[in-house]
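A.B. asks: Here are the chains, one letter per residue:
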Amino acid sequence: MNLTKVKAIIEALVFASSVPVSLKDLAEILQLHEHTVKQLIYDLIAEYKDGQRGIRIKEIAGGYQFVTDAECADYVEKLKKVPRPNPLSQAALETLAIIAYKQPITRAEIEALRGVRVESSLATLLERDLIQEAGRKDTPGRPILYTTTTRFLEYFGLNTLDALPKIEEWTDETLLDLVMNSD
Amino acid sequence: MNLTKVKAIIEALVFASSVPVSLKDLAEILQLHEHTVKQLIYDLIAEYKDGQRGIRIKEIAGGYQFVTDAECADYVEKLKKVPRPNPLSQAALETLAIIAYKQPITRAEIEALRGVRVESSLATLLERDLIQEAGRKDTPGRPILYTTTTRFLEYFGLNTLDALPKIEEWTDETLLDLVMNSD
Amino acid sequence: MISTTDHSDHGTYRIKLDNFEGPLDLLLHLIEKAELDIYNIPIARITDEFLEYLKDIELLDLQAAGEFLVMAATLMQIKVRMLLPKPVPDEDELLEEEEDPRLELVERLLEYRKIKEVSKTLRSWEEEGSRYFRRSGGYFPDQEVAAALDMGGEVTLWDLVQAFKNLLESLTPTLELEGMPDEQYSISDLMREIEEKLSRKHEFFFSSVFTGLPSRKAIVTAFLALLELIRLKRVKVFQNGEFADIEITKWEDNKR
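Protein chains in written order, with this note's numbering: chain C, 1 to 183; chain B, 1001 to 1183; chain S, 2001 to 2256.
No wet-lab data here; the hints were simulated from the structure. Idealized CB from N, CA, C, for every residue including glycine. Possibly wrong hints are sitting among the right ones.
Claimed, not checked - Which chain C residues face chain S? A few, computed with CB under 7 Å, are given here:
1) F15
2) A16
3) L93
4) E94
5) A97
6) P165
Said to hold, decoys possible - Restricting the straight-line Cα-Cα distance to at most 30 Å, the calculated cross-link-like pairs of lysine-lysine (BS3-like) are:
7) K81/C with K1024/B
8) K1038/B with K1024/B
9) K1166/B with K1058/B
10) K102/C with K166/C
11) K2197/S with K2236/S
12) K1137/B with K1166/B
13) K2055/S with K2116/S
14) K7/C with K1007/B
15) K80/C with K1038/B
16) K2114/S with K1102/B
17) K38/C with K1007/B
18) K5/C with K49/C
19) K49/C with K1005/B
20) K2250/S with K2055/S
21) K1137/B with K2165/S
22) K1137/B with K2116/S
23) K58/C with K81/C
24) K1058/B with K2120/S
25) K5/C with K1049/B
26) K1058/B with K58/C
27) K78/C with K1007/B
28) K1024/B with K78/C
29) K1005/B with K58/C
30) K2120/S with K1166/B
31) K1024/B with K1102/B
32) K1007/B with K58/C
33) K1038/B with K1007/B
34) K1058/B with K38/C
35) K2233/S with K2055/S
36) K1058/B with K1007/B
37) K2055/S with K2197/S
38) K2233/S with K2201/S
39) K2055/S with K2201/S
40) K1049/B with K2120/S
Looking at chain C on its own, in the form it has when it is part of the complex (with noise of 0.2 Å):
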């Protein structure tokens, strides 16, 4: 593989991920030294730099993250304001409220309450950073546990978890009941 090839990868990984990667995943993915990564990165910033773009590398907490220029910052915040075409679909919606009421819940049990596969919600969830992956359940096939972020409460306007609306009705008996009836 050449070097331009494995840049093309770098520049693809950085991109694509929803958290600044660290040199350590870059190499392990690429099978390289991270010393070689680093030249390869450092490479890819200087370009960046070099060329009068309107996005960058940067690095961030031990990681690697694109953003945009801060010279482009006042047209990017104009953006803000177009109309944005469904920004959380219904079906993400359902399965981060059930998340926001019963956390920590696992993949099985939010399928059981809505009796559909939850997998791309999930997946748009984590990917917005509104929900998180918070241990394993002490379960047979130790599932993964979700819960809210900090994000979901900025984005909701909440201090706290404590401050969503009750829901009374909602006890650990009926959504038993619940579940046992769903299918």
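With chain C fixed as given, assemble chains B and S onto it according to the hints.
C.D. replies: Chains B and S only, in chain C's frame:
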């Protein structure tokens, strides 16, 4: 403002949006003619393409969006915690094909065409944000109408619905006949 | 016993019909396999082949089975209609051409074939599209603007709570009997009806079981009732030659 600068801003705008940005929105933010913006965007698309980069700008769902290069897919996949979604089942795909061509359409109309019940396909497609509920039909029972989403266009890499393969003989009259005779 | 409330059983509908996306798909397969002209389907032959596949149905999933049974009933009705002598046209009337009983079925098959073709194209685009990754909309302190954009800002807390409440309501345990046999026509009622009819007539044609039934559900129920009677060896069905309708007789009468 020189052209390099404008191009940088366009780059930043396309990057910053997680959904495809339309020519219209870009032109409005930049206070430039759509024609001018289009020229510059095509320059940008070509630059990324010729540069053997890991990312490129794609014309999709009526707008422009950065995506990783297809050749880097295997590596990007290793990075993603969330695996890429399973391909749609044949049943869901056929249901989606009908909705794409006949939208807005009700469940009963889809069922008349497929000869089977489509409840669970509809649930899957809604969950994956490929279709949406779009009002109700003004007939007895006021059944829900379904249409495809912007995500549908993105998912199949289409710019508009017009890019779907043409089916000439598929008329509304035959559909209507079928529905009338279906029960 | 075929149970009408057996749908908690997660009907694992594992038969060779599994390879087909429903009755239209199976029909299309039979026609294409035999390289038949879709505009001139030999209906008797296709009906037999279709029923051959149906033999293996396990009635675990009444809904899926029902879809195939409705088609079987349709095929048989067409077959019967094709056998009926054409009425001699009244001399005063315009010589209207008799409509081919197969016409509607042919139209449905043609439509369905188009859907299948389009699905193939969509499948290849799906495969191609899965190789492009969008930027993930994560949240970075350094990139607040971009992160805010990802959210769209149009979903409110109220939307979230509403979504949850709707879900609660939708979970109120209700047994949806859609696709299940018609409550007005239970399987046992129709079994009784068929047997009563046999005690009067000794034998009658299969297609006459369906005449006068109001809905697809009722037709499915009738079919199931018949299958149950066959299983319990209370009636027998047979066909006198390739083009004949299926006859139903009492089990003990069947000494031919």
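A.B. asks: All the hints need checking, so say for each whether the structure fits it.
C.D. replies: Consistency of the hints with the structure:
no.: 1; hint: F15; result: holds, 6 Å
no.: 2; hint: A16; result: holds, 5 Å
no.: 3; hint: L93; result: holds, 5 Å
no.: 4; hint: E94; result: holds, 5 Å
no.: 5; hint: A97; result: holds, 4 Å
no.: 6; hint: P165; result: holds, 5 Å
no.: 7; hint: K81/C with K1024/B; result: holds, 14 Å
no.: 8; hint: K1038/B with K1024/B; result: holds, 10 Å
no.: 9; hint: K1166/B with K1058/B; result: holds, 23 Å
no.: 10; hint: K102/C with K166/C; result: holds, 12 Å
no.: 11; hint: K2197/S with K2236/S; result: holds, 14 Å
no.: 12; hint: K1137/B with K1166/B; result: holds, 26 Å
no.: 13; hint: K2055/S with K2116/S; result: holds, 26 Å
no.: 14; hint: K7/C with K1007/B; result: holds, 23 Å
no.: 15; hint: K80/C with K1038/B; result: holds, 21 Å
no.: 16; hint: K2114/S with K1102/B; result: holds, 13 Å
no.: 17; hint: K38/C with K1007/B; result: holds, 29 Å
no.: 18; hint: K5/C with K49/C; result: holds, 20 Å
no.: 19; hint: K49/C with K1005/B; result: holds, 13 Å
no.: 20; hint: K2250/S with K2055/S; result: holds, 21 Å
no.: 21; hint: K1137/B with K2165/S; result: holds, 25 Å
no.: 22; hint: K1137/B with K2116/S; result: holds, 26 Å
no.: 23; hint: K58/C with K81/C; result: holds, 26 Å
no.: 24; hint: K1058/B with K2120/S; result: holds, 23 Å
no.: 25; hint: K5/C with K1049/B; result: holds, 13 Å
no.: 26; hint: K1058/B with K58/C; result: holds, 24 Å
no.: 27; hint: K78/C with K1007/B; result: holds, 16 Å
no.: 28; hint: K1024/B with K78/C; result: holds, 13 Å
no.: 29; hint: K1005/B with K58/C; result: holds, 20 Å
no.: 30; hint: K2120/S with K1166/B; result: holds, 14 Å
no.: 31; hint: K1024/B with K1102/B; result: holds, 28 Å
no.: 32; hint: K1007/B with K58/C; result: holds, 20 Å
no.: 33; hint: K1038/B with K1007/B; result: holds, 11 Å
no.: 34; hint: K1058/B with K38/C; result: holds, 29 Å
no.: 35; hint: K2233/S with K2055/S; result: holds, 16 Å
no.: 36; hint: K1058/B with K1007/B; result: holds, 16 Å
no.: 37; hint: K2055/S with K2197/S; result: holds, 25 Å
no.: 38; hint: K2233/S with K2201/S; result: holds, 18 Å
no.: 39; hint: K2055/S with K2201/S; result: holds, 27 Å
no.: 40; hint: K1049/B with K2120/S; result: holds, 29 Å
Checked against the numbered hints above, the structure breaks none of them.
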